[in-house]
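Colleague: The chain contents come next:
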Amino acid sequence: DSGVTQTPKHLITATGQRVTLRCSPRSGDLSVYWYQQSLDQGLQFLIQYYNGEERAKGNILERFSAQQFPDLHSELNLSSLELGDSALYFCASSPQTGDTHYGYTFGSGTRLTVV
Amino acid sequence: GQNIDQPTEMTATEGAIVQINCTYQTSGFNGLFWYQQHAGEAPTFLSYNVLDGLEEKGRFSSFLSRSKGYSYLLLKELQMKDSASYLCAVRDGQAGTALIFGKGTTLSVSS
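Chains A and B, in that order, give the protein sequences. Just so you know, the first sequence maps onto residues 1 to 115 in the working numbering. Just so you know, the second sequence maps onto residues 1 to 111 in the working numbering.
Wrong hints could be hidden among the right ones.
Derived pair list, reagent style SDA-like, types lysine to any residue, alpha-carbon separation capped at 25 Å [what the hints assert, rightly or not]:
no., chain 1, residue 1, chain 2, residue 2
1, B, Lys103, A, Ala87
2, A, Lys57, B, Gln79
3, B, Lys68, B, Gln19
4, B, Lys81, A, Asp1
5, A, Lys57, B, Gln2
Quick partial rundown of chain B residues pointing at chain A, CB under 8 Å, derived from the structure [claimed, not checked]:
no., residue
6, Pro43
7, Lys103
8, Gly104
It is worth saying that the hints were derived from the structure and are not from the lab. From the three backbone atoms N, C-alpha and C, an ideal C-beta is built for every residue, glycine too.
Could you build the full structure based on these sequences and the hints that come with them?
Modeller: Below you can see the structure in the form of structure tokens.
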């Protein structure tokens, strides 16, 4: 157990639908990062939150949004789902922005299948 | 932006040594990481380099040359369980503190 908890582990939904993925960071970590991993694209950075505030954006589609709550858990909302959104979605956490020499800790991921 | 290149696939035999190379281009370099990922599982941290040189950790070593935008991961005494994808990632100040990953190198170890 890495200490980063993601739910659900698996999700199957239809095109056009909306889903919410949840992440609880490791205890004490203030930063949360969301990544999408598909077979052909590798791990793509979507968005980072630090202590409740958006810190950086990567290749996140406008149909996707995220937030980090006061208890530091984060949710990634995916709407108007398309077949191409099928992927593994990972959450990672780190202690604080700008500093770590021991890597970021990943959760076990949510496998999203859009049918 | 960032650009990270690493070979797509490599093969090796048990007991051998393999070197996985990574080249990168980034505007605000602030560290290079190597992760291991088994199929369908979460990436796990292997090493971190921010200064030039070699970092050794057991069977795994990682090297960085910032002037050349180059790193490698060296795996010694290969075992079957080392069959996995190895991901090179850079931390670029322009992306907050997020890690930007290469597409990974799939290593297959045979007996």
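Colleague: Does each hint hold? Answer for all of them.
Modeller: Okay, the hints, checked on the actual structure:
no.	hint	verdict
1	Lys103(B) x Ala87(A)	holds, 15 Å
2	Lys57(A) x Gln79(B)	violated, 38 Å
3	Lys68(B) x Gln19(B)	holds, 17 Å
4	Lys81(B) x Asp1(A)	holds, 19 Å
5	Lys57(A) x Gln2(B)	holds, 14 Å
6	Pro43	holds, 5 Å
7	Lys103	holds, 4 Å
8	Gly104	holds, 6 Å
When the structure is compared with the earlier hints, a violation turns up for hint 2 alone.
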